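There are 4 protein chains.
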Amino acid sequence: MKLKFFITGGTICKRYNEISGALEFRDSFIPGMLERGRCKLDYSTEQLMLKDSLEMSDEDRETILASCLACKESKIIISHGTDTMVDTARVLGQQLENKTVVLFGAMIPYSISNSDAIFNLGCAVTAVQLLGAGVFVVMNGHIFRWDDVSKNRGEGVFQRADL
Amino acid sequence: MKLKFFITGGTICKRYNEISGALEFRDSFIPGMLERGRCKLDYSTEQLMLKDSLEMSDEDRETILASCLACKESKIIISHGTDTMVDTARVLGQQLENKTVVLFGAMIPYSISNSDAIFNLGCAVTAVQLLGAGVFVVMNGHIFRWDDVSKNRGEGVFQRADL
Amino acid sequence: MKLKFFITGGTICKRYNEISGALEFRDSFIPGMLERGRCKLDYSTEQLMLKDSLEMSDEDRETILASCLACKESKIIISHGTDTMVDTARVLGQQLENKTVVLFGAMIPYSISNSDAIFNLGCAVTAVQLLGAGVFVVMNGHIFRWDDVSKNRGEGVFQRADL
Amino acid sequence: MKLKFFITGGTICKRYNEISGALEFRDSFIPGMLERGRCKLDYSTEQLMLKDSLEMSDEDRETILASCLACKESKIIISHGTDTMVDTARVLGQQLENKTVVLFGAMIPYSISNSDAIFNLGCAVTAVQLLGAGVFVVMNGHIFRWDDVSKNRGEGVFQRADL
Chain A
114 MKLKFFITGG TICKRYNEIS GALEFRDSFI PGMLERGRCK LDYSTEQLML
164 KDSLEMSDED RETILASCLA CKESKIIISH GTDTMVDTAR VLGQQLENKT
214 VVLFGAMIPY SISNSDAIFN LGCAVTAVQL LGAGVFVVMN GHIFRWDDVS
264 KNRGEGVFQR ADL
Chain B
114 MKLKFFITGG TICKRYNEIS GALEFRDSFI PGMLERGRCK LDYSTEQLML
164 KDSLEMSDED RETILASCLA CKESKIIISH GTDTMVDTAR VLGQQLENKT
214 VVLFGAMIPY SISNSDAIFN LGCAVTAVQL LGAGVFVVMN GHIFRWDDVS
264 KNRGEGVFQR ADL
Chain C
114 MKLKFFITGG TICKRYNEIS GALEFRDSFI PGMLERGRCK LDYSTEQLML
164 KDSLEMSDED RETILASCLA CKESKIIISH GTDTMVDTAR VLGQQLENKT
214 VVLFGAMIPY SISNSDAIFN LGCAVTAVQL LGAGVFVVMN GHIFRWDDVS
264 KNRGEGVFQR ADL
Chain D
114 MKLKFFITGG TICKRYNEIS GALEFRDSFI PGMLERGRCK LDYSTEQLML
164 KDSLEMSDED RETILASCLA CKESKIIISH GTDTMVDTAR VLGQQLENKT
214 VVLFGAMIPY SISNSDAIFN LGCAVTAVQL LGAGVFVVMN GHIFRWDDVS
264 KNRGEGVFQR ADL
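If you read the sequences in order, they're chains A, B, C and D. Per this note's numbering, residue 114 is the first one in the first sequence, and the count goes up by one each step. Per this note's numbering, residue 114 is the first one in the second sequence, and the count goes up by one each step. Per this note's numbering, residue 114 is the first one in the third sequence, and the count goes up by one each step. Per this note's numbering, residue 114 is the first one in the fourth sequence, and the count goes up by one each step.
No lab work stands behind these hints, which were simulated from the structure alone. Remember, it's a predicted structure, so these values are computed and weren't measured experimentally. Check before you lean on any hint, since a few could be wrong.
All copies of an identical chain are treated as equivalent in the list; a pair is satisfied when it fits inside any one copy or across any two copies.
DSSO-like, lysine-lysine: derived pairs with alpha carbons at most 30 Å apart [what the hints assert, rightly or not]:
id : residue 1 : residue 2
1  : K188      : K164
2  : K212      : K164
3  : K164      : K153
4  : K212      : K153
5  : K153      : K188
6  : K212      : K185
7  : K115      : K185
8  : K264      : K188
9  : K212      : K188
10 : K115      : K188
Work out the full structure: start from the sequences and follow the hints.
Pasting the structure below:
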């Protein structure tokens, strides 16, 4: 079973720039995190973009959808910012069939102490193997279907859509 | 769905003692790791023992089995040393029905840089939710049934039993 | 020899807020960093403010000066943002006699991987013990007098004033 | 002012071997630690050996002494295990004149969380610049002359010899 990782940016991949004092993108942390997890599964990674998900456009989501449709793998993991993860999941969920897609990210960048990033990566890698076809958001140990998830921004957690 | 964590020790929970220079056990890291993962699932943790798995006796494995049988939860995660994880899985696998049990651990202690501990915890928390009844070893992104797993000690990886 | 630490904020003490996505102040890291350094010197810490040094006012600098003058210790270490560290050093240097004052900070917050914070703390603690009366900036292994230091913002380093 | 670092091993440079489960030596952490400290001083590093200091022989100490005598720099920093740091300091102190030598190490390996390694490196780099000729042990913020220092093994701290 071959896995495909699409990297799109998000908090999980932000780094501190010591000249500007801002959090920004340079290289993605995802490949290094998979090595740290000593994950020997058959996978490949591909960086589609490195964006804060608040800055993702409809066009960006079309790029992600097209990449999911075009790749030969049927098991896909997407690293994504949390703020619009649910929106991207909806675009994918309405148009993808016959593939298992898991979106995940982190509340705290991988480069910052006490980050949830690598925990969430472990969750995503496991979920994509065990779930059937469909689009899912996997965050902080919880598994949500794309049409039953929302982000509670006040508390910084994902929850069922109807909560 | 309520989850039960049984803590038994293993590399994952070892700490450096700066007086003796040895790696040893004090408190378990598992509860703190779950908080770091921002895991809001309904779970409880219980420490059965803190042992290097090379020092686990048949009696220890009986304690683990009895704890799995006695607890009210049907979804159980066991943190365990890697050296005899397969042996404990076999004891449980031969005698447990109707519960999902996931054993996991780490190749590098949580307290040491580049540890796989919290990645593996994410894998275990996710696997236990999605797998049906049975006993499983979940390590480094891989999911194994108790009767089809072995540890390759030379390479420090878990693999299918027949490899 | 008793040491006094005055905490004023700066990059060194910034933390990530996972709700807002911004770096901000909560508690200072300095007391925990001294414990991590296993520093058994006779010292006390006092938090004067927690500010980005770009937001420090003349009044803030007067507060720092007054605190240096008023305390009974003659060996003082001040944690401070790097952007106006040289300005505060000048205010102190022009008005303090008979005390050794060392200002330090970090280019990368203590909470972010690869931070220089605790290295710089070690430098400051050592410099204040060995230097005579005067006001100094101690950053990244370099020791500067208050009237011969500037921050090169393009490169993110401190250097002699005339470079 | 040019600084010379001699690397000899010690706890500070130990790494976890996930196959054997033991702490051991591979590459030294010292060059990477200096980069992390963003230290732009003019220095060079040279690895003399990588040994637990309990396994250092008289011959090893002669090698260290000969290296200190032979190098062109008069400011020397030696990373060293803590158990016999005082012994090596004595050998150097009795035979070196006109050079400043600072020995340092760590109680907790650099690769383990909460390590004092990089704090101590900052202390050593600063002390060697400010101290006059002589041989010193610089640990955890304290500065000791070679003939007035002992390690209190029960508490894991260095102290004045007569305490």
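Broken hints, by number: none
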